Amino acid sequence: MDRSVRVRFAPSPTGALHIGGVRTALYNYLFAKKQGGDFIIRIEDTDQTRFVPGAEEYIIESLKWLGIEANEGIGFGDGPYAPYRQSERKHIYKEYAMQLLEAGHAYYAFDTAEDLSSMRDRLKATHADAKYDPITRSSMKNSLTLPEDEVKRRLESGEHYVIRYKLPLNEEVKLFDEIRGWVSFNTNQMDDKVLFKSDGMPTYHLANVVDDYLMNISHVIRGEEWLSSAPLHVLLYRSFGWEAEMPKFAHLPLLLKPEGNGKLSKRDGDRLGFPVFPINWVDPITQEVSTGYRESGYLPQAVVNLLAMLGWNPGTDQEIFSMDELIEAFTLERVSKSGAKFDPNKAKWYNQQYVHKMKDEDFVPFVHKALVEHGLDHAFDEKYLLNTCRLIKEKISFTKELWDYGRYFFIDPEHYDEMVVKKRWNDNIPALLKDLIQNFSSMETFTQLSIETVYQETLNKNGIAGKDFLQLFRVCLTGVSGGPQVFEIAELLGKEKTCKRIQNALEKIKI
RNA sequence: GGCCCGUUCGUCUAUCGGUUAGGACGUUAGAUUUUCAUUCUAGUAAGAGGGGUUCGACUCCCCUACGGGCUACCA
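Using numbering that gives the first Met the number 0, the first residue of the first sequence is number 0, and each one after it goes up by one.
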């Protein structure tokens, strides 16, 4: 049976969204767009104790920055299945829990935290699995062991209870994962999971299955950490009688840390100097800032590209993909099964590719932002900015490097590269510089070519070799030893500034 | 500990029984750039181990090792 594709990204607002989560969102988005389906955002905030203010807004802002746009859901406008926040759907879940209860697929449990921990201690002592399951539930306080009137009494007196799934004994549950193929589990290894909590909220398992069904989700694409609970979800679909509507499953491999073992974590980013989050996150309690890709000078297109290639490949040699190209090429069959170590070097390379091929005019806002930060935003005209963009962007890997590399386009140098000065400055230099100022000043047109001609003539007259002096000339103009063509810089600066900077160097450089 | 998933160059990966095991990042060397960054060329480097199946295995099966996930009234 073919049905229209509807996928969802369903994060919990418990803090900043990790790039692993971003990648999950991206794969969902790519899959939906490729299939001509819908991508929706649902907020899974059923755990009130872990709610973090601002996290939801953070998630939305991150996705928008990356160009991962949803058709429906939180942050992108309601669709026909609203609301999309589980806390606002609270009233729905109880009904479905009751349905399971009545059909004998679930039961009430009254065990206290102490009851549970003593059960676990007891079982651990005998080296048995410490779980609430078809065997152990017979010795616990629940509606399967307690007399009916006792259950009724407890319920009516307002005693705390949870609703647990009643797992069948010794049953093989097989499920087909779109990435991994058939995976099977035995219910003997599972436990009677809580579906409905004593605070009146559902757990992930119930809410997730109910909402996916109600929202007509066709494919569940999520992280590998959910693979172990997938059989429970399959069982739930069966118990509800929704097997025909059950979505297909695809469990994505995890993102691992660059060095050593384990899952990628915030600490790795801090230690190795790369971001683990899409945009800056300020912890609302500690005020601690976690650096984001955006603030580190990454371009959203580069982040999308590099994330897409971490765990998926097109089967060709193509490495650079626009979002549209990714949509065109994306299939779940080409998602790999094993976890991928994050490589900061490759991330840098990707960003560099995008910065270099960026249009000059698209780069202007970044330069403008840097100028604002330095109080210089009205000092330069559009044409000048465009030219500097052309020269700066091919030198850098990250937009935030632009000021460090290209500041001399906007402010006069205050320091001069000592190595170059030490190596190239001699007693003949001051006279040469004065000559250059004089000759430049009398030029009518001040272009790259004419500058070079005058420069060369002046050097010849002073008996100085061009190769020896050029780097010092560059340092006089920019303060630094590297950069674009010197004469191009001079043309851009203009005659007056060029002469002024040579004059400055003459006065400031002391040996 | 139990269950589940995984394992090709340092890293991301291609290969869907027969290849000199390919590409990219990194790295090394050279060229270009009168500088730096780029760019270009070349090099470097891999099937975890052991058993099967097969004329033939990186590819299929089993075992072991290693890595990861789950094992909450968290998602």
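One should not assume that every hint holds.
Cross-link-like lysine-lysine pairs, in silico, BS3-like; alpha carbons within 27 Å at most [to be verified]:
1. K466 x K421
2. K368 x K63
3. K394 x K356
4. K151 x K196
5. K347 x K394
6. K347 x K368
7. K394 x K358
8. K399 x K340
9. K140 x K130
10. K421 x K460
11. K93 x K247
12. K123 x K140
13. K422 x K394
14. K356 x K262
15. K347 x K262
16. K509 x K433
17. K256 x K130
It is worth saying that the hints were derived from the structure and are not from the lab. Owing to the predicted nature of the structure, the values given are computational and were not obtained by experimental measurement.
Here is how each hint holds up against the structure:
| no. | hint | result |
| --- | --- | --- |
| 1 | K466 x K421 | holds, 16 Å |
| 2 | K368 x K63 | holds, 20 Å |
| 3 | K394 x K356 | holds, 12 Å |
| 4 | K151 x K196 | holds, 18 Å |
| 5 | K347 x K394 | holds, 13 Å |
| 6 | K347 x K368 | holds, 22 Å |
| 7 | K394 x K358 | holds, 14 Å |
| 8 | K399 x K340 | holds, 25 Å |
| 9 | K140 x K130 | holds, 14 Å |
| 10 | K421 x K460 | holds, 23 Å |
| 11 | K93 x K247 | holds, 25 Å |
| 12 | K123 x K140 | holds, 19 Å |
| 13 | K422 x K394 | holds, 25 Å |
| 14 | K356 x K262 | violated, 33 Å |
| 15 | K347 x K262 | holds, 21 Å |
| 16 | K509 x K433 | holds, 16 Å |
| 17 | K256 x K130 | violated, 32 Å |
Of the numbered hints stated above, those contradicted by the structure are hints 14 and 17, listed in ascending order.
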